[in-house]
Amino acid sequence: MILIPCIHCGPRNASEFAYLGELGRQPDPNTTTPPEWRRYLYTKANTAGWTVERWVHRAGCGRFFTVERNTLDNKIRTARPPDAQIRLIQQAGRADPKADA
Amino acid sequence: MTTMLRAAGSAARLGPQPGEVIDRAHRFTFRWNGAETAAYAGDTIISALAAAGERVFSRSFKYHRPRGLLTASFIDPGCLVQVGKEPNVRGAHRRVEAGMAVRAQNVWPSLRYDVMALNQAMTRMLPPGFYYKTFMAPRALWPAYQMVLRRFAPGGVVTNTRTDAYFDKRYAHPDVLIAGGGPAGMAAAVAAADEGAKVLLVEEEYELGGHLRWGTEADLATLRELRDAVAANERVEIMTNSTVAARYDGNWVAVAQRNLRHVDERLIKARAKVLVVAPGLIERPYVFAGNDKPGVMLSTAVRRLINLYAVKPGDRAVVFTANEAGDAAIADLERAGVQIARVVDARRGGNLVRARGRGGVQEVHLADGARVEADLLVTAVGWTAPTTLLTMAGGHPVYNHRAARFFPSEPPEDVLATGGIVGDGTLDQLLAHARAVGAEAARRASIRARNLRAGNPTAPSVDQRSPDSSSSSIPDLPIDDSPALFRSATHGIVDYSEDVSSKDIFSAVREGYDSIELAKRYTTATMGPAQGKLEMVNAIAVHAEAAGRSIAETGSTTWRPPYAPVTLGALAGRAFEPVSVSPMQPWHERHDARALIAGHWIRPDHYGDAAAEVRNVRRNVGIIDVTPLGKFDLRGPDVPRLLNHLYVNKWSKLAIGSVRYGVMCAPDGVVLDDGVTGRLGEDRYVMTTTSSGPETVWRWIEEALQTEHPEWRVHVIPVTAAYASMNVAGPNSRELMCRVVADVDLDPEAFPYMRVRNGRIAGVDGCFMWRIGFTGELSYELHVPAAYGLHVWETLLDVGRDLHIGPFGIEAQRIMRLEKGHFIVGQDTDALTGAFAAGLAPLVKLDKEDFIGKPELIWQEGHEDILHLVALQPVDSSVVPPEGSQIIEGRRRIVGRITSSRMSPTLGRSICLGFVAPHLKEPGAIVTVRLPDGGHVPATVMEHHAHFDPEGVRLRG
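Line order of the protein sequences matches chains B and G.
Heads up, the first sequence is in this note's numbering, so the first residue is 1 and it goes up one at a time.
Heads up, the second sequence is in this note's numbering, so the first residue is 1001 and it goes up one at a time.
Next comes chain G alone, as it looks inside the complex (with noise of 0.2 Å):
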């Protein structure tokens, strides 16, 4: 690593300018391929290296060109740096700061000595679609290729090791959103803001000002009256070094922020009344042969080095000027001590031929046949408008010829845009439009906020007072002419970020790539990090030349968001997802449980060993906590219709004090919930669901109430998390719950299995128990309020300790289950199994008037060519198969499935739930299990699902 230090104030660096941005007092250095380099405050990354005398920056994305400045803005193809562990950093934007390590991306072994370069010499083999083309076939090489194509993959490194980005979101709701804080967005921002209206000004860049930053001296004081006046006005919020990255229906709006402290990107969601797009112009390259050569500048890219950064730009220049914009690069170049070695205009009929040099521009040869030395070539040759934000929101781009430019068509009532992108003129006339803009911006954001309060049929009141129906006018913007300059006699690069050439494009129309949409996914030009700001016009006027037609007839291709690249921390960001946990997860946690992560809910999966839980429930007592499980609270005399109507099987005759189990199906038979329901009174009914359930049972339960019978008596509360539920399971459980249950009799003659009761539990009151479980033991399942749901656990915990109580989780009860042959819907059964293939046929009772699934239940009875589920063991008791094993006959017919599969402590053998083909589902079947690994076991298929206690005995006692 050299340690020379190039100095700020060396090389290139100017005299103080009069519109600068750098701060001369902090002056620090930062690193750059590993040497120390001198910078400003204030400085960009590529400010500082061009400054100290730097001209190249990166290696092109296909053949490896060196490249240096272009645009000196955010889209600056050439300048895409890592920083650190970040990668493809915007250099001619963003800030350097002390100590930043910068690097150049894209380049093997080093910037100067780049191996991939040899790549030039064979851009006539890399012709578009080369790789789709040459890397097709043979198919069994694609792993070949791929780690060969690999090493050709532009972009920087990106590495999962960095822990210190943070991300997040924020949602606002502005009246009026402003994209774009040059000279038209803030005059439009404070016109709204006197209006009335809340106003979010969105700026790409580091400061308002837009092109007023490196323009005259009145130009300067006009921006400093705009910044006082935005400041000073506390409806606007101002939002720098931040872009609006797309807009959606409704105005919906995304903001990508970068100006926070602590945050590397923000995405703003915001619902903006009225969006303004105010993005002002962008400088377009101009397309020649050697034009993405070091040394080849856009005029405003010059005007920004020497204005804002006081850097020179090089020594001596030739200017291809065809407006004012390179007339006022030519006075900045002289006033900078740039030597002028000539210019070109094109507004008189010059024109360029190509640059030559190695490295950069050395040569520059015009149209006139004369050959100028020259280091810096400036191009002024017209301007794209930067449609995106309107196109998004319906508006389709006209060609006007006369400007050489696109514009935008009338956009909806809630788009309004102004500046640059709208017509020229001079700025009081820009700004004259601006403020007109952005009052009229207010009016309609004022209409929307009165419509919408009064689309609100429950809102508290509505104001009265009708707004401001007269639409203030604004005034019409003068166009100026421009010459059309796109291509000058020779072919050079149309899409610098996917190095694109003229050449490519016409060699595709030739292809027959003759619709502008085809030819830019056949040639990816405008696919790139600059999202064809700066190349799409460029691109729609060479294949426009190729096809022979004009560019109005060529049409533009569509902008679709990103406007500007986001990142994908961004786009993650911080997810506003609820946890919900159990009242019983700090007794969790203290005892060392597994968490299990069961959609929303955190829940212990098991405390260490789920084999040993399982042992201990079948010998001892144990208890889960089963809060998770959705619960609803059902009240009214009509509850019993809503029960007949969900489920499957009958509940006209629930006695009080019983329970029922049932099954919910969706209206194409396929299985969708089970649970038990229980009647606690008269007219009160608690149903409970899976746990991955109440959201869908609860929505079942609603549309039944609201769209289907709406005249039936029945309230609704869900109640899931009111109650904290856990289960009490093994011979032992009795005695437990003697020593902790008042005012129930707990015999099993008065409180027998399937039944439930109210009362008193631990001391607590409200509480309902009943006799049911997963497990296959005898076992209560206790509902209390959740607020004493910790404290119930622990006295059962605590009074149970000499019956040998001990917690089990998730895994164990899966065990167990399993052991019993209880399926679980979603895991033994998928969106294409009915309830007869999961061998419910006892509990479908097709005889009752009408249930949801009902129709097509009828046709699925008696249909044998389905897949039965069936318990199965296989032969060697020690193999395990694992979930999702395919049951096959013969070599590869698939005639099965292990749907699930544990090792049983109980039995000490592995043991399965799994469909088969219906000739295969009698017992003693044998069938063949195809493993992963491609190995084949074979297994039994059982008499009943259960295999363990199949009479239910045990839980029975």
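So that you can see chain B by itself, here it is in the shape it has in the complex (with noise of 0.2 Å):
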């Protein structure tokens, strides 16, 4: 079973989180069409290499956020919190609360 670095509490047990797939952009669902928005719920690239994915620390401290891991031999190099998250840190000039608690 490969460990997940959570952003939180560190590396701990994959069976720990939940796998949420790979990070996909959504569509403005206001202007979105079917055959896109579709291909935004189902169609994945399932890359044979390195890929962006979320998870969730479902059985720990609840934290969503993006982890970059190479799908042939499960290394991880990159765990960071979701883009939204980076985003408002970025817009605001400070620590965002939730980033930092």
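Think of the hints as simulated: they come from the structure by calculation, not from any bench.
Check the hints yourself; a few may be wrong.
[As the list claims (entries may be wrong)] Covered by chain G, per the in silico footprint, the following chain B stretches (three or more residues, Cβ under 8 Å): (1) 4-17; (2) 28-37; (3) 57-64.
Treat the numbers as computed from the prediction; the structure is a model and nothing was measured.
No residue lacks a Cβ here, since even glycine has one placed at the ideal position from N, Cα and C.
Hints are included, so try docking the two chains, each in its own frame, into the full complex.
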């Protein structure tokens, strides 16, 4: 079983986490078309190599985060907070209370 | 049954041996196929039987050939026996116990006269793939084939009445886990522990020591020193009679532990920082005609028998030797008084042709034409390196033709190998290598520990001392030359467990299975209980020979977990599954509630008569424990935005003191969960979900707040178990509430339907209650601090006695909600049911800015080609079509299904909810329901989902 580096708790057994799939870019719900939306929902690249994916520390702190993992050897090179949190921090120019709680 | 007693000291038992493991002071008897047999403590089942003069222990898998001792170890393929109710016991490994009832497996009617042995005569008719090819067509005969083939199925007797077994699990976090407790494993363990590592040393056999145990006086002295050093080191945990079964990513290592007194087998899930693989070498059999006859043994088998168990393996032996192990076996045999009829030395060109004899070896034919009478044929042709754990770590074994065996390739950083698997050399060279590996393992483990701590952003502090970065040098082990001896000029058994001969592999190659991976699957060679450790290399060599290739070109097949079979009991073990019960559970148990298991909750299904519970609620008043309802305390100014995002309906204008029903959909527009949410104060809301939904809904809430809208000011606390919840339902419920509620005006004008109030119930502060219910009656859902749940429950029952209060369970509630036509997410909807199909059109507000599932719901709206949820009543009111019954048109066209059905005690007739095709959804339509028994019943589509009180007069009262 691989270890997933939680951004809050550090490396923990993968069984403590839920895998939420590849990081996708959600189309604008107000202008999207059915093919585009369904491609976003169901079509995954399933890359043999480095992928960017989302995990949640379901049985731990509950944090959602983004991980870069190589599907060939399960090596993980980065783990970072969700993009929306990073954007919020950058916009505000200050640490978000949620990000460093 | 015979009462003849075969004595432990008789037949083949030798005098005391220097390294023997039997305790001659402790003698007892056990039963072998019903016959009393003597044994010493420390004997294996098979060593005791061999000492008593037994030679045949089982019949083979396919041809039912008699089989005896081959390896005298855990993997011995002919020594699987039934012990009491336990099948497939490794008889050459398991220690015999007083009174044990041991039987031969795979024999009928008896070991001696086995009817299936006729298969031997049919060998020519049982080529590989025989069963696949023969029992294919016609399909109609499959059940008959199955009955015949089951007779031939090998293995022991599995019983489902076994209650004496106990299995459990453990988690371990050793710095260094060492697989193999031979000299190398022991030396590595001590070296790693001396460097400060916490070591787990796992050995398959009952004692540490490996081949030193049957070695010279000097070997035994070294063994004592190593054992003392391991035992004296408190950082080493020793686990004997245990197997490292598998290695997975991140050194997640499965260990099957069997050396516990009251546990049959324990599965250890170890996260090892470094794994050291030191399994030693496994002696490889030689392929020739008759190589599976009882009396043909490996050199290590006779050395174990003589030195560990003081058993004389035969009277007159031919020894075929190609190495020092064979030479040492000759010395052991001579010392044991076995007459050496002939030594055939492969290094001088000698070879075997075949072994002959009925029921066991009687004569050995040699390549030089000689025919030698013998009852024992010992072979020592070479070794197999069990690289299983290393290949699980990503390594590929590499064939070395000089040594005629595979060697491990470079394993990953966190795995090291030592011992015979790596190379040969003297014992001193081996120990030096192992010590260096142990020290290096400890060093790498400390680096990994440091990196793991550094990877934890919230760990209190990280040790700043940098660990020793200088990698200690591990010496190379020499590799001895060994002749490439795999098969003689004749054909013999390659896989003893699966009864696959070299001839079978040749014929598989002729049929086109020219890849070893395919030939393995086709012939099933290496797929038996020995897991390839005994037969893999011979299978590869024979395949290479048949295909005209080299062994290096042929390559190795993949070694998969487990290294050695693990019982299903250990894998199932003890489940670490939490169970939840409400604070009222003691009351339910005292009142004979029938338990319903719903996810991790145990809750009352009914208290004896669900229909009577329904009638009491409709007539008087009832209470139900609904504690498992998911509950979330939501606080903050942005809660309405969150609710608008999650639910399909609108939440911006929910007044303080009001509750609203809401439905959540997934991004694909499928109904995910439903429940009510109430506003208890300016910035305080409580959300409820279905009883099975809180985990999912919590994740959705957190996902929205963490990944999409971190700017929203909302704080969420899951409070499912913090409140005990109960619903008071029935015409008398207001009267009952008046008796227990303080501070709340219960007048229907002041506290109408779909409102929430904070208040004190039965003297308990901090409660809230809302006027909703699933039953369609005037009802109040009470949420009280969990610690007071039982008190409030009992108080309600006490003060409501004259109002005819009674408890009701889930079944009664399900009947009443069906009478009211309320659907249950997951029961009446499935993973394809969109909000419009579920009849939720009035709820879905597509003019909201955005919410989960909105795009799909826009496209769903107005689509008519979907199934619609409707209420149905069978025309024959006494027929309750089982849930899942199909609704059909014509002979077999499916146009819908029944999702819920019950007999309604209120209406005295059967009622249903179900999905129908659009052309059948209009009220009054008659549909045909097909029952599981093939019968058909007509049913009428109703106007409303509610069969009872469709206007909702009762609940608004």
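Results for each hint:
1. 4-17: Per the Cβ count (7), the hint holds.
2. 28-37: That given contact holds, which follows from 5 residues of the stretch 28-37 of chain B lying within Cβ reach (below 8 Å) of chain G.
3. 57-64: Holds: 4 residues of the stretch 57-64 of chain B have a Cβ under 8 Å from chain G.
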